[in-house]
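Undergrad: Protein sequences appear in the order of chains A and B. The working numbering numbers the first residue of the first sequence as 1324 and each following residue consecutively. The working numbering numbers the first residue of the second sequence as 8 and each following residue consecutively.
In case anyone wonders, no lab produced these hints; they're calculated from the structure. Treat the hints with caution; some may be incorrect.
Derived contacts from chain B toward chain A, CB cut-off under 8 Å, selection only [as the list claims (entries may be wrong)]:
1) D249
2) M250
3) K291
Quantities reported herein were computed from a predicted structural model and do not represent experimental measurements. Ideal Cβ placement from N, Cα and C applies to all residues, glycine included.
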Amino acid sequence: MYKHILLAADGSENAVRAAKEAIKIASLSKETLVEVIYIADFDKAKTDILHATSTETLPIERRKKIKNVEQVLFDANVNYKVTILHGIPGPEIIKYANEKGVDLVVIGSRGLNGLQEMVIGSVSHKVMKRVNCPALIVK
Amino acid sequence: MQKLKQQWFGNIRGDVLAGIVVALALIPEAIAFSIIAGVDPMVGLYASFCIAVIIAFVGGRPGMISAATGAMALLMMPLIKDYGLDYLLAATILTGIIQILFGIFKVAKIMKFIPNAVMIGFVNALAIMIFTSQLAHFIGISTMTYVFVAITLILLYTLPRFIKVIPAPLIVLVVLTSVAIFSGFDLRTVGDLGAITQTLPSFFIPDIPFNFETLKIIFPYSLALAIVGLLESLLTAQIVDDMTATESDKNKEARGQGIANFITGFFGGMAGCAMIGQSVINVKSGGRGRLSTLVAGVFLMFLIIVLGDLVVQIPMPVLVGIMIMVSIGTFDWNSFKYLVKAPRTDAIVMVTTVLIVVYTHDLSKGVLAGVLLSAIFFVVKISTVKLSKNGNQIVVKGQLFFASTDSFINYFKQNVFNEKQIDINFSSSHIWDESAVGAVFKVKDSLQEKGIEVQLTGLDESSKKMLNQLDGISSSH
């Protein structure tokens, strides 16, 4: 079974839906670890610093953003941990997944239309194409 | 030693590539900031070269890019208008000295006292000022000017979708300069506003009278430049710290900024500081070490020496477009949400900071006003003392000090007590100063005059000490 599941979270509802699917797979085996990763986006670093009460509270504030995902994992009683990384979301998820050799990547899809996808780009699509393991994209 | 080696050579490939990208993105900005300040483009270009190269060695935050900046250019504008370049160079040298002193006296700590509201106001005011500084270069000049500004902006925002390796501003600069040259459109160029010399900067002492009069002229500018430069540099350092998940030495950075400005002044460059936008570009392009900053500076100078002839032909509308993009990128667009959601006092501080800058054209005054205002708000906020009665116990909640004693005393004046014995509980309070002690004694005395016995309970150790100390004095006479 999948031992190490990487769950990408950004605080959105799509990430919660993805978490629920990850739970379904994780609850099949006691040994499965769900690692929630949140990418502190390079492009948002300036805003985050400007609006953080202090540099000490920034990690707490980021952790709060993915509390919704953490809550469902906690409630489902699965084995999980949270990792916060810094970078450009798509490439950073891919790099981390490939470096750690995870067994499965679970990621929510924002459901962009064709134009939005062309302009802002789909993170889940990029991840799916470039990770070396199976990927589960949750609509 | 090991650490220094890591900071220089830990990421050679990434640093060299990122440094080149930054140099390309830096050229249009260095020229545009020179024009904002009102000096020849070479002053900004020399500054960017010198500062980047020097800070690579003496800075406290590897991977951060420092050069000529908009914030500094805006501050020095009146000095150049009234007194000319030599006074600016002297002011730059003095700015360096002040910043070195700031670094030695560990002023970086003071950053903690500058609230978010002021920093948000600072970046917003900076963005607005950069934008308004461009108006004179494109409003009411010619239709073609508007067309070029519009084309520049469209290209700047769409190109990065397709070409990721070369920074969009440089592509736009090259393409539109060629278009302007070959089409023969009548557009103002950089050459109309200043000259470009294709030589390396050289050492010289600014031609100013060395007397008190000169110092009186340049000191206010230097102080403002030193403060604003450090503010932006330390903010940028925090951003780079966060992006790279590493720590940096803020006092060393302050000193480094000082050394860089001090030397730059002697090489004909204007004062500069760290750049948020360029540092973000550097880290995103893979730059992490000191080498990236060095490469950025050296490659910039190399390009100017090779391409200097073309620089004078850059049409002004293209630079204006790039500056509009810089101001859009500088503005904190979350501010609107902040204005709605943040505590009212924070929102007022932010808006005040912006308004004062826009009104005085001086970023340092806005920051100072913002800090003062938020200090006052802070005192007002913590000076509310709440008292509640529970049987014969009166519970004091809040900090008791000079600003809050009035409401404490008034409570006892306004209420009538029928109890024979009253217990004033301080377990949720703290006695800070002599005024607080005085107020407590005053209340105690007036209650005892009415025949009510007063007991003070729940005092913490330092409050007790404060009371006992002053009690000793008052009972001695």
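Undergrad: What hints, given by number in increasing order, does this structure fail?
TA: Structure breaks no hint.
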